[in-house]
Structures are given as structure tokens and as C-alpha cells.
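Spelled out, the chains give:
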Amino acid sequence: MIYEPSTLAVTVFFLFVAFTLGLSFYLGGRAKSSQGYFAAHGQIPWFVNGVAFAGDYLSAASFLGICGMIAFYGYDGFLYSIGFLAGWIVALFVVAEPMKRLGKFTFADALNSKFQSPGLKLAAGISTLAVSIFYLIPQMVGAGVLIQPLLGFPQWVGVLIVGATVVIIVLTAGMVSTTWVQFLKGSLLVVFSLVLTVMILSRGFKVEESGLRMVGPFAVDKTESVNAQLNEVVSQLREQPEWADATILSSDQEGWSEKPYLRVQDAEAQAVSVWRMDVNADGEAILREAQTVSKSADGTTLVNGQPKGSKKGEPELKPIGFISKLPDGNTETGPLGPLSFFSTLQQSEVILWSKETVGSGADATTVYYQKPTPGSQILRPGEHPKFKGIRKDSLLDRLNFLSLMIALFAGTASLPHILIRYYTVKDESSARKSTIVGIASIGFFYVLTLYLGLGAMTSGALDVTDGNMAAPLLAKSMNEWLFAIISAIAFTTVLGTVSGLILASSGAVTHDLLTYFFKMQLEDAQLVRIAKIASVVVGVIAIILGIQFQGMNVGYLVGWAFSVAASANLPSLVMVLFWKGVTKQGVIAAVLVGMTSSLAWILLSADSFTQIYGLAAEDAIVPFSQPGIVTIPLGFIVLVVVSLMTNGRQTHPETSN
Amino acid sequence: MESKNARLGLLLFTIYTLFYAGFVLLNAFAADTMEWLPFAGINLAIWYGFGLIIGAFALAGIYGFLCRESRE
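Going down the list, the sequences are from chains A and B.
Take the first sequence: its position 554, counted from the start at 1, is 554 in the working numbering, and no numbers get skipped.
Take the second sequence: its position 22, counted from the start at 1, is 22 in the working numbering, and no numbers get skipped.
Hint data in this document are derived by calculation from the structure and do not stem from the laboratory.
The beta-carbon is built from N, C-alpha and C at its ideal position, and this holds for glycine as well.
Among these hints, one or two may not hold up.
What the simulated footprint calls covered on chain A by chain B, stretch by stretch (three residues with Cβ under 8 Å from a Cβ of chain B suffice, anywhere in the stretch; the number is not a length) [what the hints assert, rightly or not]:
#, stretch
1, 70-79
2, 328-338
3, 342-350
4, 355-367
5, 498-504
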């Protein structure tokens, strides 16, 4: 699709960012000590902190990633919503109050409160850094994705703008301004998602023409080869007057053989339209027009065989997201209620899209084809390629699914930038209350994601090549103002999450790593200065990685961070709280083994082989892609075994439990 | 007081974990049950999913309420 920057969107966007920065400078004057820089003096009101939890947590992955996944595949994206929220139960019931009681600045403090071990602080500090940086990459990639359509800059400029803005925010004020920015963003995100949802419901569903053609049905022999079926279709097609003289390209050529596509050359323009043949159980074939993206010999991008335009009216991919059938043959539903929205969709049919790459190397063509899908399938789990396994009879695929759901459940309470938020309130009761407020606002938002995603799916405004843009484009289909505001909020979403992550990392460097290497008490002003230097360094690393990893799926990258966080941190956190026999050696071993094993598993998995190294999925070394189901228990086992082995050296040898 | 909160927390945590585990296991091993339409023409997948989100909020509310009583 072609994105033209609109003056309104750009103005609203810059006003928003300017306001955020202004707020940050204003609040910056209030935090001078290290206690203020990292923990906002522990004086943030619990309600504000609770909404700021939502601000921290609802990152680009939640807003852009989940909405996009629902819009393209249906219910499966909502599985992430459920897992992300369920993780808060671990945070509230198990971790929140002890974290506040035991620690001062970082999660390493809390782990270490019993042991006073510099080695343990080092291990926990390293895992904080590793998790934060992994979590930073998708945020930066997401920022680039947003800036491109909004302002028309290339992606790396977007990453650079976010990186620089965040470093300024973090440098000026630390936790105080970060918290207020998060509060602002958390509230706006929830409020405007609600506004969008109300607009989706009052718009209802409508059957619309996508502008893409369809011909058929034609009778074919299902037992024959795809090429033979195509020939049967062509001979019947020739009988129709408008197809009698059409130039149909041979299917017996460069990678197109035995693929269910018919290619038709336009007489005047050089355009080639590609049609996909779908054969149903009764041997009826229907041709539906597909959309293609390819490269010409000189490297220009071709859409549907013509050079991609840069302005409206020039060749571009058509927007997608149309309903093809409504219940009882209706063409319009009018306003819907929050429940009838689902029951109506359940009985409708929506045109979803899949893609397939035909040919290889420079000749490769990506074909996006229509896939009319009944609502009952859209609203059930197991349609997304990553979740399809639960509908097949493969145990490994099911374990992979379980593993992901376990990592989402266990990961939330182990994310360093969430854990540091327990130090910005004054006591345990405030920690508890702010978690409850966090759960309420995050849960409410996640309920809305299902409406937003399905609303986008049927908005007729989606970009077939980019799922991450579903939420902003849905807003654009409503009106330009809403698009501007939603884009600005999405951008601040990234800003806020990134600044929280950078603060968590710089806290880890200052409090955990430096105390180990220099073994000295630094003065307060020095601590803050070192933390600011660390923030700039982490910010620069994030910018570089964000540019390096551009084009990778945002949700996939966040999945990494959750798995690593849960494997490295959760066993130690839980066992330190509930088992008296824990030793410092046990904790250090569990953190290091959990972190390295989950990282290694991810890097050796089929997903990394195909998406990062460009190798075949069959060559992957580990049996499935999600590490959690193996590496989280491994962390617990290592902790218990090492603790039992080293227990004799501790003063409290009794091992209850 | 702390251990009382912790015990209550663990109890509620266990309840929720079982509820969540039921959802995940149904999805993994009997995905077709999620297509069942128990009520209002809406399938089990949506009811259970919303139930997990609202359930988390309900348990959080109960926990907050009981902890406040024990404290004051």
C-alpha cells in the first residue's frame, strides 16, 4: 500500500511527542538523588503506578502485534492476550509483596537480600540486561514500522528518532518522568481503544466488494494433476467472450508448475494478473484474483506485475479485509451489541489472505491469495501457522503450544522493567493495590483487543503485506483524526516501554554489575551519573539492534524475551521466597543455566533456522521452537540440586519442603 | 500478617492456575471442544477466554479486599 503522510497526523503526532518531552523536562527537576532517579523516591501514588504498569506492559507487541494477528488470523492472536494477562496473577499473588519487602532498587536486590553475595548480583544483573535488550529489539523494530507510514521516513530514521527521544527522557528525569509518561500513555491507550470499539460496534458488519474479481465455478476432475485441472479450467474459460482472446501464460514454467495459479497477461500494460484456483469437494473450481509482489531485473518492486507507485492512483496493492457473506443473506447488520458482534461473525464468511512464495532467488514472486473463511473457523483457535499444530496429530506441535502458554504465564512476573515498578510505591500495600489497578486496566484492554482485531479484519482497510499496521489502519478507516491520535499513542507506547527498559538496564549496570567489579560504595551523585552514561550506551545498542533486526516479526521477538525472562528469573524468585534451603550458589547456577539454556534453545530452533539464518526448518537441532516447557523446569532442578549440594556451608541447614 | 497474605495469595494462585491450565490443555489436546456454542451463539473459546480475563480481575479484587480487612 502507499502511505501518504497527512498534515493532520504529523501535527498531532509532534504535539504529542513535544508534550511528552515537556512533561519529562518539567518533572526532571524533582529527582536529584539515586533513590529519586531509579525509584521515584518511592512516592508514586498507587493508582498512578497501577496505570503505569499498564503503560509499561502494553507494549508495541500488545497493541500492534496482537491486533494484527487477530485481524489476519482470528482468535489465535487473542491467545497471547490471555497468556499475557494470566501472567499478572503470578505477579500479584506470588511476587508483588515480597519483592517490595526485600528489595530497594532492582530485582537482584530482592534475590540477594538473604545472601549479600556480589556474585549473585552479577548473575542477576546480567540476566536483567539480557532480557531487557531482547525486549528492546521488538520495540525499536515496532517504532520503525510506525514512523514509515506516518511520516514517510525510512525505517532506520524511525528507530533513530525513538532511540534519541527516549535517551533524552531517561537522562532528564529517570523514574519520575517515565512513570508519568506511562500513566498518560496507559490511560490514553485504554480510553481510545474503547472509543474505537464503540465505533466498530456501531458501524456493524457490511458485505462489500473488494474490487478483486472472481470467475467460476468450472467442473474439473479432482483426481488429476494441478496442471491438468488448470488446463480444464482454461478451456472452459475460453468459451466466455471476454476471455476468448486473453493471453494466458503457460503454467509449465519457472516454479509455477503444479501450483494452482493462472497468470494472465494484460494486453496494453505489462501487468500480469494472477488467479488462484480453489477446487472444492464437489470438483468445482473457482478462480479468485490474487495480488503479487516481485522484483524486476533492475531491482524495482513490482506489484501485480507493474512498478509500484508512490502516489495515490498509481499501481499499488489493494486494501483487504472484507466480509463476503452475512447470516440470512443480509448485506448489512447495522449497529451490533458486544455479544451479537461475535454471534453474527460466527455465522458470516470473511475473506482472509494467505501468502505463498513461488520461484526462488531474484525471480521469486510473493503471491497473496484470497481465502474465504467461515466465521466459525475465525473464532476458534488453531488457524495461525504457529498454532496449526494443535489441530494436527503431532505431540511435538502440542508441546510447542503448551510451552508458549507456560512462558507467557511465567514470563510476566520475571520481566525486569515490570519488577522495578514495585520500588516506585511506598509500601507493600501500595504494591498490591497498584498491581490490582494494573490487572484491571490491562485486562480491560485485552478484552478490547478481540473487538479491535476483528473490527480491523472487516474494515476493508488493511495492508496485505503488514499485519503490524492493522490497528492504525482500522482507525484510519474511521477517520483521519482518530488515525493521528492512535498513531501518536502507539508511538508513545513504544517510547514509554523503551524508556522503562533502558532504566531497568541502567539500574542493573549501576547497582548490580559495578558493585561487583569495583567493590566500592559510590556516592549518590556518581551513581546517577554512571546510570545516565549506561542509559546512553544501552540506548545506542538498542538503536543499532533495532535497525539490524528490521523486518522481523514483532510478536515473535517478544516471545523470546518472555521465554528467557521466565527461564532465567522465575525459578530463583519463587524458590527464594518459598524454600529455606536455597543457597547463593543455587540461585547463581539457576539464573545462568536458565538464561543460557533458553537462549541456546531459541537459537537452535526451527523458527530461528528459517527466519534468521535462512536454513531449512528440518535441520533445526531442538525438536520444537518454544523453550519454556523444558528450560523453566530445568532452572528449578538446577537450583534445587546445587542448593542441596552446597547446603552444608550455610548456617540454616534445615530443608523444609 | 505477611504470611496470612502469602497463604491467601497461594490459594488464589492455585485456583487460577487450574482454571488457566484447563484452558491451555483443552486447546492443546481437544481443540474442537472450543468450537462448541454453549450460550448466545458464541463459542467456548471466547467465553473461556473472557472468563480467564474477568476471572483474573475478580480474584485480584477478592485478594485486595481480604488483605485490606486483615491489615486494618
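Within 8 Å of chain B's CB atoms, at least three CB atoms from the stretch 342-350 of chain A: coverage verdict
holds (count 4)
According to a criterion of three or more residues whose C-beta lies within less than 8 Å of a C-beta of chain B, is the stretch 70-79 of chain A covered?
Coverage by chain B holds for the stretch 70-79 of chain A (3 residues, Cβ < 8 Å).
Residue count check for the stretch 328-338 of chain A against chain B: does it reach three with CB-CB under 8 Å?
Coverage by chain B is violated here, the residue count being 0 at a Cβ distance below 8 Å.
Chain B covers the stretch 498-504 of chain A, three or more CB atoms within 8 Å, holds or violated:
Contact hint for the stretch 498-504 of chain A vs chain B: violated, 0 residues under 8 Å.
Count the residues of the stretch 355-367 of chain A whose Cβ falls closer than 8 Å to any Cβ of chain B, and tell me whether that reaches three.
violated (count 0)
The structure shown violates the earlier hints numbered 2, 4, 5.
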